[in-house]
Amino acid sequence: GQNIDQPTEMTATEGAIVQINCTYQTSGFNGLFWYQQHAGEAPTFLSYNVLDGLEEKGRFSSFLSRSKGYSYLLLKELQMKDSASYLCAVRCTRDDKIIFGKGTRLHILP
Amino acid sequence: EPEVTQTPSHQVTQMGQEVILRCVPISNHLYFYWYRQILGQKVEFLVSFYNNEISEKSEIFDDQFSVERPDGSNFTLKIRSTKLEDSAMYFCASSEDPAGGEQFFGPGTRLTVL
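Those protein sequence lines, which keep their order, are chains A and B.
Reading the first sequence from the start, the letters are residues 1 to 110 in the working numbering.
Reading the second sequence from the start, the letters are residues 1 to 114 in the working numbering.
Rather than coming from a laboratory, the hints here were simulated on the basis of the structure.
Remember, predicted model here, so these are calculated numbers, not experimental data.
Check the hints yourself; a few may be wrong.
Said to hold, decoys possible - Here are the computed lysine-lysine pairs in the BS3-like style, where the Cα-Cα straight-line distance is at most 27 Å:
#	chain 1	residue 1	chain 2	residue 2
1	A	LYS102	A	LYS57
2	A	LYS57	B	LYS57
3	B	LYS83	A	LYS81
4	B	LYS83	B	LYS57
5	A	LYS102	A	LYS76
6	B	LYS42	B	LYS57
7	A	LYS102	A	LYS68
8	A	LYS57	A	LYS76
9	B	LYS78	A	LYS81
10	B	LYS83	A	LYS57
11	A	LYS68	A	LYS57
12	B	LYS42	B	LYS83
13	A	LYS102	B	LYS57
14	B	LYS83	A	LYS68
15	A	LYS81	A	LYS57
16	B	LYS78	B	LYS57
17	B	LYS42	A	LYS76
18	A	LYS102	A	LYS81
19	B	LYS57	A	LYS76
20	B	LYS42	B	LYS78
As the list claims (entries may be wrong) - One side of the interface only, derived from the structure: several residues of chain B facing chain A at Cβ under 8 Å:
#	residue
21	LYS42
22	PHE45
23	SER48
24	ILE60
25	ASP63
26	PHE65
27	SER87
28	GLY101
29	GLU102
30	GLY106
31	PRO107
Where a beta carbon is used, it is the ideal one built from N, C-alpha and C, also for glycine.
Please model the entire structure based on the sequences and the hints provided.
This is the structure we're talking about:
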């Protein structure tokens, strides 16, 4: 079966760093996404990892280890607007079926 | 900046009625998708569409669902006979090339089935 696990909720302080982990077991793998979703809004793309390693994009970085079925999203210099759900999603096939995790709700405290 | 648009933003319908949800993908994109998200739950893949045909669909996408690209700009999701459990937010997404990664999501249509 397909399974993507990530913590349900996390809390961090403004200005700090937080790491959101994701583990996956899927029947195929063609890349891993991280999306941000504010309540009542559509997901917005943050990152896409296909190969092992770290991808950095401004305050956000994403890491992938395919052998471990593991990824993390690292958010630096947290801002209040970063309060949102962060969705880990795996592209299982070349035809682009994407399986989403349940999301991690991140609360930022002042 | 180009964006995916969806109409209507909110649709209320009676159980058993047909609904059509509309999407206008980004103009140079070739790959189109529908997802749904039941309130408080995860985003679920419904279907992907490329070259005027379905390329992949989930077990949710049964015979009650269909998709169509009726012209060069619109991409529609039809639910033939709605059920209460179809109440959800429906997101359309498009991408230029799946290998490139990013799918751009529309703002969603909230479907309420009474």
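Here is what the structure says about each hint:
1. Among the hinted pairs, LYS102 (chain A) with LYS57 (chain A) is consistent with the structure: their alpha-carbon atoms are about 24 Å apart, no more than 27 Å.
2. Restraint check for LYS57 (chain A) and LYS57 (chain B): the C-alpha separation of about 32 Å exceeds 27 Å, so the hint is violated.
3. With a CA separation close to 36 Å, the supplied pair LYS83 (chain B) and LYS81 (chain A) exceeds the 27 Å bound.
4. The suggested pairing of LYS83 (chain B) with LYS57 (chain B) holds, with an alpha-carbon distance near 19 Å, which does not exceed 27 Å.
5. Between LYS102 (chain A) and LYS76 (chain A), the direct Cα distance comes to roughly 23 Å. Compliance with the 27 Å bound is thereby established for this hinted pair.
6. The suggested pairing of LYS42 (chain B) with LYS57 (chain B) holds, with an alpha-carbon distance near 17 Å, which does not exceed 27 Å.
7. Proposed proximity of LYS102 (chain A) and LYS68 (chain A) is supported: the alpha carbons are some 20 Å apart, at most 27 Å.
8. The suggested pairing of LYS57 (chain A) with LYS76 (chain A) holds, with an alpha-carbon distance near 11 Å, which does not exceed 27 Å.
9. With a CA separation close to 36 Å, the supplied pair LYS78 (chain B) and LYS81 (chain A) exceeds the 27 Å bound.
10. Between LYS83 (chain B) and LYS57 (chain A) the alpha-carbon distance is near 42 Å, which puts this suggested pair outside the 27 Å criterion.
11. About 23 Å separates the Cα atoms of LYS68 (chain A) and LYS57 (chain A), which keeps this hinted pair within 27 Å; it holds.
12. Taken as a hint, the LYS42 (chain B) and LYS83 (chain B) pair is honoured in the structure, with Cα atoms around 19 Å apart against an allowance of 27 Å.
13. In summary, the hint linking LYS102 (chain A) to LYS57 (chain B) is supported, as the alpha carbons are separated by about 20 Å, within the 27 Å threshold.
14. Simply put, LYS83 (chain B) and LYS68 (chain A) have alpha-carbon atoms about 40 Å apart, too far for the 27 Å limit, and the pair is violated.
15. Of the pairs offered as hints, the one joining LYS81 (chain A) and LYS57 (chain A) holds, with about 17 Å between alpha carbons and a cut-off of 27 Å not exceeded.
16. Using a Cα cut-off of 27 Å, the hinted pair LYS78 (chain B) and LYS57 (chain B) holds, with the two alpha carbons roughly 14 Å apart.
17. Between the alpha carbons of LYS42 (chain B) and LYS76 (chain A) the distance comes to roughly 25 Å, so the proposed pair stays at or under 27 Å and holds.
18. With a CA separation close to 20 Å, the supplied pair LYS102 (chain A) and LYS81 (chain A) stays within the 27 Å bound.
19. Among the hinted pairs, LYS57 (chain B) with LYS76 (chain A) is inconsistent with the structure: their alpha-carbon atoms are about 37 Å apart, more than 27 Å.
20. Taking the CA atoms of LYS42 (chain B) and LYS78 (chain B), the gap is about 21 Å. The hint holds against a cut of 27 Å.
21. Interface restraint check for LYS42 (chain B): the shortest CB-CB distance to chain A comes to about 5 Å, inside 8 Å, so the restraint holds.
22. Because the beta carbon of PHE45 (chain B) sits about 5 Å from the nearest beta carbon in chain A, less than 8 Å, this interface hint is met.
23. Because the beta carbon of SER48 (chain B) sits about 5 Å from the nearest beta carbon in chain A, less than 8 Å, this interface hint is met.
24. Taken as an interface hint, ILE60 (chain B) does not check out: its beta carbon lies about 12 Å from the nearest beta carbon of chain A, beyond 8 Å.
25. Among the interface hints, the one on ASP63 (chain B) is violated; its C-beta lies about 19 Å from the nearest C-beta in chain A, farther than the 8 Å criterion.
26. With a cut of 8 Å, the hint placing PHE65 (chain B) at the interface with chain A is violated, because the nearest CB-to-CB distance is about 15 Å.
27. The criterion of a C-beta within 8 Å of any C-beta in chain A is not met by SER87 (chain B), whose closest approach is roughly 15 Å, and the hint is violated.
28. Checking GLY101 (chain B) against chain A: minimum C-beta separation of about 3 Å stays under 8 Å; hint holds.
29. Restraint check, GLU102 (chain B) versus chain A: the minimum CB separation of about 5 Å is within 8 Å; hint holds.
30. Evaluation of the GLY106 (chain B) hint against chain A yields a held restraint, the C-beta minimum of about 6 Å falling below 8 Å.
31. Taking 8 Å as the C-beta cut-off, the interface hint given for PRO107 (chain B) holds, the closest approach to chain A being about 5 Å.
Hint violations for this structure: numbers 2, 3, 9, 10, 14, 19, 24, 25, 26 and 27, all remaining hints satisfied.
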